[in-house]
Amino acid sequence: MTDTDNTKQDYDKPPSLSSALLSLTDEQRQHLEDLSKHIEVLLHASEAPLTATVLRKHLSLTAKELTQALALLRQRLDMGVLSLHETASGYRLQIANNYSALIQRVFPQRQERLSQALLETLSVIAYKQPVTRSDIEHVRGVTLSSNILRQLFDKGWIEEKGYKETLGRPALLHTTPQFLDAFGLSELSELPPMPDISAIKAMS
Amino acid sequence: MTDTDNTKQDYDKPPSLSSALLSLTDEQRQHLEDLSKHIEVLLHASEAPLTATVLRKHLSLTAKELTQALALLRQRLDMGVLSLHETASGYRLQIANNYSALIQRVFPQRQERLSQALLETLSVIAYKQPVTRSDIEHVRGVTLSSNILRQLFDKGWIEEKGYKETLGRPALLHTTPQFLDAFGLSELSELPPMPDISAIKAMS
Amino acid sequence: MQTELKNEQAALPKAALLLTVPQASDSLDIKRAHDGSVINDMSLRIYQTSVQHLPEDLYVPPQAFAIWLEQFAGPLDFLLYLVKKNNVDLTQMPILPITEQYLAYISELDTEHFELAGDYLLMASTLIAIKTELLLPKPETPSDERDPKAELIERLEEYAQIKVASQRLDNLVRLERDVFLAMVSMPGQDVMNAELPSYSPNLLIDSLFKMQLQPDYQMHTIKVDAVPLADRIASISRQLSTDGEHSFYELLDKTQGKIGVVVSFVAILELIKRQLVGIVNTELESHPTTDNNDAEDSHIKPLTLQWLA
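Residue numbers (my numbering), protein chains in the order written: chain L, 1 to 204; chain F, 205 to 408; chain P, 409 to 717.
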């Protein structure tokens, strides 16, 4: 698999890009262009980062097609404000680093404020892990917005690990060591004790 | 304000685009290019759509600069997979319509379905606003579950505003701009027409 | 699919509870009726009690019951269905046979579960009232009272209108079903994280309290909300439920000035009203702070609050 080789080159163009794309016919190039757009769509739509394996599976790509399509995608993104970022858990699209000052100026609250919906979701995952998406919806009684999960993945506070052996094999969500760091805990057992929710619910 | 003029042209290229950008010097063009990138960054980073007024304020733009920068942004987005969409509460970036099927296939969990009970409740609020809870119960003939209201509040589609001057001063429910955004409407008058009574009678 | 079914159940408690098909919660076994799939060999149960025979003039094939289970949104919806099934004009609705059908249907319900079917029973009583009126000889002098049958038909019409409107609403191109927002991540963590604050784990617990204690959206909303009441209620609930009891004074959060104290006080009142918190009588105990105070203060008894849940 080539996707782990260029982990550290997120913001550089891979050196062999142009040579890899040079010898293509127009038709091949158009095909690759389409593939790169499909990859971009999936990255924009996914809650969690997508690994090379998952991308290849969903789009039926060969390893070579993936490499070439990603190269094309990087080329196209260079004209805009996004960059393709590869983390341990997969690829994701993020706003290029040089715009961080602009974002912080316009949305100073963007980083610090955790919405109630986000906190509730995180709490359910932290206390009841491993949980599926529908477990969270069941506890909270409302549908879970993709945007909230995406934010939790972005912060690196949750990860997908394993599947529940039930219809559709939904992914199981866990909290990460970064979550513990952010909340000043050294292990999960240090979480404040769970309130007796059923007692509260019965009375209120 | 020019931002209301092209409401209906979300997916078409504005007709006067090229002529508006033709007479620019390289330097002016570069400046506009930067502005259009800043707009793109803010739209990506914002949790809600951004109005023309907000964009102009944060980026210190004249009305003309905004129009030109948005035109450039649309031009650039055309090469990728996103589209600039103008809604009741401002501009937002969404994945171009022709990729919806791909997303629905790969991420079926992103497709939010609404129950009949929720849709009926929402319709009563949307068509008869302002209404109280008991108005909704009267029309539907069913006790209103707080779960449905909670979901509608959670999505930000409805809000309480004012009270009905009757026993108990019950709160009045209205739909919000986010409701319009979610259903692709720019104002309440664009709601699909209510079926008239005669059609209903014939139907049964 | 699973999520969807859960939502339906949560959203339609009345309709979903009224009729339960075996393993209704197991989405594997229920084929979506509107997909046109046939459900075979389904024994019908109404509230755990299996129904041997259906009301005679209301034979509904078992497939239709699956539709009923998922589709009917209440008694008006069910009545509309009966009217349609009898193939009559709504305004010409033959109230007697329809009432008979409705009541025959409802009578199959196990008496133990009648309280759950409140909405359906309310409609049943309305129908009985109308039926009675129709059977009694008409009073000679026309009364000013509204004709209950006309009123019912009006309600049915209004409901039918809303039902169609809701289907039209559902046909609109909707965000997050037909079109999707683009999601991107913020610039690199290290760049943005420079000023990331550290969070207290109590935020998590407070959010859970808030989720459970959330008023039913019937409370008045306060515009200027520098110190959110819900947050304070959650935080005080956490402190009291963890430690069992606290002195009133300690619970008044003074870090946010007067407003903070006032909001804390209101939060405590709210919790007392909901009987989650009680006052412990501590009249004769001496309080450490009273020792140094003058006589005037010493008659103020320290107040201790206790978690009751």
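No lab work stands behind these hints: they were computed from the structure.
Treat the hints loosely; a few may be bogus.
[Claimed, not checked] In silico BS3-like cross-links for lysine-lysine, where the CA-CA straight-line distance does not exceed 25 angstroms: (1) F:Lys268 to F:Lys241; (2) P:Lys662 to P:Lys618; (3) F:Lys359 to P:Lys618; (4) P:Lys539 to P:Lys618; (5) P:Lys662 to L:Lys128; (6) P:Lys557 to F:Lys365; (7) L:Lys57 to L:Lys164; (8) P:Lys618 to P:Lys666; (9) P:Lys539 to P:Lys493; (10) P:Lys557 to F:Lys332; (11) P:Lys662 to P:Lys557; (12) F:Lys332 to F:Lys365.
Practice task
Against the earlier hints, flag every one the structure doesn't satisfy and list their numbers going up.
Solution key: 4, 5, 6, 11
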